[in-house]
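Participant: Those protein sequence lines, which keep their order, are chains A and B. Taking numbering that gives the first Met the number 0, I'd label the letters of the first sequence as residues 0 to 365. Taking numbering that gives the first Met the number 0, I'd label the letters of the second sequence as residues 0 to 420.
Simulated from the structure, these hints should not be mistaken for lab results. Worth double-checking, as some hints may not be accurate.
Okay, the calculated beta carbon distance ranges per label pair [stated by the list, open to error]: (1) B:E272 with A:E111: 13 to 23 Å; (2) A:A324 with B:K67: 52 to 62 Å; (3) B:N206 with A:I43: 28 to 38 Å; (4) A:W339 with B:N206: 44 to 54 Å; (5) A:E356 with B:N269: 27 to 37 Å; (6) B:R176 with A:N320: 50 to 60 Å; (7) A:A299 with B:N269: 36 to 46 Å; (8) B:G231 with A:S29: 31 to 41 Å; (9) B:N269 with A:G80: 39 to 49 Å; (10) A:T340 with B:V300: 47 to 57 Å; (11) B:E272 with A:W339: 31 to 41 Å.
Dumping the calculated DSBU-like pairs for lysine-lysine here, alpha-carbon to alpha-carbon at most 35 Å [unchecked claim]: (12) B:K129 with A:K10; (13) B:K290 with A:K288; (14) A:K67 with B:K319; (15) A:K59 with B:K230; (16) B:K277 with A:K288; (17) B:K277 with A:K67; (18) A:K10 with B:K185; (19) A:K71 with B:K290; (20) A:K303 with A:K327; (21) A:K47 with B:K290; (22) B:K290 with A:K10.
Computed footprint of chain A on chain B, listed as stretches where at least three residues anywhere in the stretch have a Cβ under 8 Å from a Cβ of chain A [unchecked claim]: (23) 284-296; (24) 299-312.
This structure is a prediction, so every number in the text was calculated from the model and none was measured. Glycine included, each C-beta is placed from N, C-alpha and C at the ideal position.
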Amino acid sequence: MPRIPTSTVIKAYRQNPLLPILLQECRSVSSAQNELRWLRERAIHAWKQWPWKYSASGWKTLLRTMCKVRSKGMPLQYILGDQPFGNLEILCEKGVLIPRPETESYTIHAAELISRYFLASGGQNEYVEPSGLIRPLRILDLCTGTGCISLLLHSLLAPRFQQLFILGIDISAAAIQLATRNLDHNLQLGLLSDRSYREVHFHQGDVLGRDNGHNPEIDEILETYTPRWRMSPGLREGFDWDILVSNPPYISPNSLRDGTTARSVRLFEPELALVPPANMNYLSTMDYKREDIFYHHLIALSFKLSIRLTVLECGSRQQGNRVIAICKAFSIKLSEDHEWTVDIWFEGQTDHTDNKEGPCVIILRK
Amino acid sequence: MFTVPWACSRCLRRFPKIAPDLQPFFQRRTVNTIPETGLSPALLVRARSLAAEHSALSSRLANSFDAKTAKRLGELVSVAETLKKWDSANESISELQSLLNDPNTDSELRSLAVEDLEGNQGTLPAISDKLKESLIPRHPFAGLPCLLEIRPGAGGDEAGLFAFELLRMYTSFCTRRGLQSSLIKKDVADGPAEDCLSEAVLEIETNGAYETLRTESGVHRVQRVPATETKGRTHTSAVSVMILPSFPETGSGMDSGLNFEDPNSDYYINPQEVRTEKMRASGAGGQHVNKTESAIRLTHVPSGIVVSMQDSRSQHANRKKAWQVLRAKLAEARQEAREQELVQLRRGAMGGVARMGRGDKIRTYNYGQSRCTDHRSGITVHNLDDVLVGGDGLETVMDSVRTWLVDREVEAMVAEDAAKK
Chain A
0 MPRIPTSTVI KAYRQNPLLP ILLQECRSVS SAQNELRWLR ERAIHAWKQW
50 PWKYSASGWK TLLRTMCKVR SKGMPLQYIL GDQPFGNLEI LCEKGVLIPR
100 PETESYTIHA AELISRYFLA SGGQNEYVEP SGLIRPLRIL DLCTGTGCIS
150 LLLHSLLAPR FQQLFILGID ISAAAIQLAT RNLDHNLQLG LLSDRSYREV
200 HFHQGDVLGR DNGHNPEIDE ILETYTPRWR MSPGLREGFD WDILVSNPPY
250 ISPNSLRDGT TARSVRLFEP ELALVPPANM NYLSTMDYKR EDIFYHHLIA
300 LSFKLSIRLT VLECGSRQQG NRVIAICKAF SIKLSEDHEW TVDIWFEGQT
350 DHTDNKEGPC VIILRK
Chain B
0 MFTVPWACSR CLRRFPKIAP DLQPFFQRRT VNTIPETGLS PALLVRARSL
50 AAEHSALSSR LANSFDAKTA KRLGELVSVA ETLKKWDSAN ESISELQSLL
100 NDPNTDSELR SLAVEDLEGN QGTLPAISDK LKESLIPRHP FAGLPCLLEI
150 RPGAGGDEAG LFAFELLRMY TSFCTRRGLQ SSLIKKDVAD GPAEDCLSEA
200 VLEIETNGAY ETLRTESGVH RVQRVPATET KGRTHTSAVS VMILPSFPET
250 GSGMDSGLNF EDPNSDYYIN PQEVRTEKMR ASGAGGQHVN KTESAIRLTH
300 VPSGIVVSMQ DSRSQHANRK KAWQVLRAKL AEARQEAREQ ELVQLRRGAM
350 GGVARMGRGD KIRTYNYGQS RCTDHRSGIT VHNLDDVLVG GDGLETVMDS
400 VRTWLVDREV EAMVAEDAAK K
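Bound conformation, chain A alone (with noise of 0.2 Å):
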């Protein structure tokens, strides 16, 4: 990390004493002076809501607090408890990755994807099948988190369709709860749609299969959304899901200690969201790499559930480039005979603003 002049520090203090604390983190003047402005904001905010819990000290101290706290690294989104994601204010807490701006744009991105794949030519707002079925449009958002992305995709696809279904899973029980609260909140605001309390669900369950007892197989938990309609006679299986996305922990253990992930996510935030778990051993007779292990279970879902759009986010290009040699491996696998596309999307690639190393999605259709 590049030291800071001494010029810079003393000319943030005259501006106001608390910036050169948040330089510290910060590392610019401009964004340690939006950061202020954004904790004084929430802090006079917080002192005027609740003032008999700071009535002694008034907000000033609660900013310097904050700011104590922002300089050993700490987050700005857990300080100030949430992020915007989207029209939605996601809450966020210590234990749960926070939403990253990429994802957002994924988001948006896969949003725009499904309604122009899902959508009825005809100009009604329904998913229907090609056998002639009107059902709800059904997703599955894998790796959860905060629940971000399934809250998002129904605040943006729910004017287009009348009918969705949305199944958010994460192996961390913080997350679940974490991830129901965010929906609550959102309806409250009235962020959301009053649809979405019944068609968002989230699940405690383990995407890697892993049996260990208090986690539920991601097939089981499966069985147990089956659509109504399967029941029926007559209807083919696995056709279940449409969608599938997912932002899968994809730091490597090597690039998560060498500088490449910053310091306040080594520190503060949940290993469990960032690097994929070490003891696979039944994948070591497999050339793999241990940050694409959650890849290969996915693209392993998505073919055997016949999924007919899946969105991943990868972490860099290079990663990108392994999970579509991926996807060739297990369509070769199986020799699979439906026809399928896969495609690289990334941040900028319609504004030219390229950044190389910057974070991708793969977009498989079929």
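Mind docking chain B on chain A? Use the hints.
Facilitator: Structure of chain B alone, referenced to chain A:
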């Protein structure tokens, strides 16, 4: 005369000469208004031709319905109606005149006629004003909500401080008038002062706000002894205010001309022409970092207009707002260019037309004399505090400017018609 130790206010009011004038004092300098004798013949000819078109259209509409015709008819109906009123008023006046001039009229009738004539002549100016107003084509953005941009100009910190006061003035004006407003951008200048503005954008979401606030575009000048001044000298600083049209989110249900998503629209912006810059460090993103920089900067390459936005914690929200402001700025610039073209044409016809652009000084707030003077209409309001809290004083000033704008338009129209002949 007897002296009274106290005076009942009700008694006082009986003697208007004793009672002080309770009305606020407005002084009006008429600098350049056309003589109020009536309508110019050119204007009248125009009104007549429009009314003729109205009657032709309504007879056509009776036979077959056509949405386009109906719309045009709706535009013309006010002209036709006001003209009818004007005609009837004029007719009765001439009738009464002839009655008065007739030597055979008996005295009782004559006194009645005089009374009637006075009444009619009293209403005539109002009718002709209305006619003038209805003759002027509606501003293309009149029905839209607007963005109000405030930037300090010459004058350093003092200008920033006054910009903050103007922001407060417009905010409370909106609250008073029941206009829904929200602050979408507020940049404070570097320095210890919290209320020294470097730029602010206020969004007024109520439809028609553009028309209401259109009079405010221009440079506002302040003359006062600043808080930062130690020797008690009066400074003059300037703050520029811009009123921009704000386009509704979805273009549906709008005039096709204002639908910014339609490539054929005048206000369409090709996304290819806009460069987006994100203030972020290159390198790994996604789960690797947790950045809070959400600032976004849009540059419209052909015109060089730059909009940056960093108020929200969400980059997505910032981008949306930045696009809104960029769209508004470009639309205003294009409209300005079109008006400029018109002025060029008119200038050829009538030799020099005064036009108030956004670069012109439009109003002075003088703290020492506690007055607010508008340089366009020439009105002076001697209650600065009331103006600065967005009260009736401000409304009086804005109304006078609106009348001034109407007069200008009429003048230009008359000149144009005269040049055509």
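Participant: Confirm or reject each hint.
Facilitator: Quick rundown of the hints versus the structure:
Restraint check, E272 of chain B to E111 of chain A: a C-beta distance of roughly 22 Å satisfies the suggested window 13 to 23 Å. Checked against the given bound of 52 to 62 Å, the beta carbons of A324 of chain A and K67 of chain B, roughly 59 Å apart, stay inside it. The supplied range of 28 to 38 Å is met by N206 of chain B and I43 of chain A, whose beta-carbon atoms lie about 33 Å from each other. For W339 of chain A and N206 of chain B, the Cβ-Cβ distance of about 49 Å falls inside the hinted range of 44 to 54 Å, so the restraint holds.
One distance hint, 27 to 37 Å for the beta-carbon pair E356 of chain A and N269 of chain B, holds here, with the actual separation near 29 Å. The hinted range of 50 to 60 Å is satisfied by R176 of chain B and N320 of chain A, whose Cβ atoms lie roughly 59 Å apart. One distance hint, 36 to 46 Å for the beta-carbon pair A299 of chain A and N269 of chain B, holds here, with the actual separation near 43 Å. Here the CB-CB span from G231 of chain B to S29 of chain A is close to 37 Å, well matched to the stated 31 to 41 Å.
Evaluation of the 39 to 49 Å hint for N269 of chain B and G80 of chain A yields a pass: the beta carbon distance comes to about 41 Å. Checking the proposed 47 to 57 Å range against T340 of chain A and V300 of chain B shows it is violated: the Cβ atoms sit about 34 Å from each other. At roughly 36 Å, the beta carbons of E272 of chain B and W339 of chain A sit within the given window of 31 to 41 Å. Note on K129 of chain B and K10 of chain A: the hinted pairing is violated, with a Cα-Cα distance of about 60 Å set against a maximum of 35 Å.
A threshold of 35 Å between alpha carbons decides the hint, and for K290 of chain B with K288 of chain A the separation of about 27 Å falls inside it, so the pair holds. Of the pairs offered as hints, the one joining K67 of chain A and K319 of chain B holds, with about 32 Å between alpha carbons and a cut-off of 35 Å not exceeded. For the hint pairing K59 of chain A with K230 of chain B, the CA-to-CA distance comes to about 34 Å; that is within 35 Å, so the pair holds. Under the criterion of a C-alpha separation no larger than 35 Å, the hint pairing K277 of chain B with K288 of chain A is consistent with the structure, at around 32 Å.
Under the criterion of a C-alpha separation no larger than 35 Å, the hint pairing K277 of chain B with K67 of chain A is consistent with the structure, at around 28 Å. Our distance criterion of 35 Å between C-alpha atoms is met by K10 of chain A and K185 of chain B, whose separation comes to about 22 Å. Between the alpha carbons of K71 of chain A and K290 of chain B the distance comes to roughly 15 Å, so the proposed pair stays at or under 35 Å and holds. For a cut-off of 35 Å, the pair hint linking K303 of chain A to K327 of chain A stands: about 15 Å separates their Cα positions.
For the given pair, K47 of chain A sits about 28 Å from K290 of chain B by alpha-carbon distance, which is consistent with the 35 Å threshold. In summary, the hint linking K290 of chain B to K10 of chain A is supported, as the alpha carbons are separated by about 23 Å, within the 35 Å threshold. Requiring three or more residues with a Cβ within less than 8 Å of a Cβ of chain A, the coverage given for the stretch 284-296 of chain B holds, as 11 such residues are present. As drawn, the stretch 299-312 of chain B meets chain A at 3 residues by the rule of a beta-carbon pair under 8 Å; at three or more, the given contact holds.
Checked against the numbered hints above, the structure breaks hints 10, 12 and satisfies the rest.
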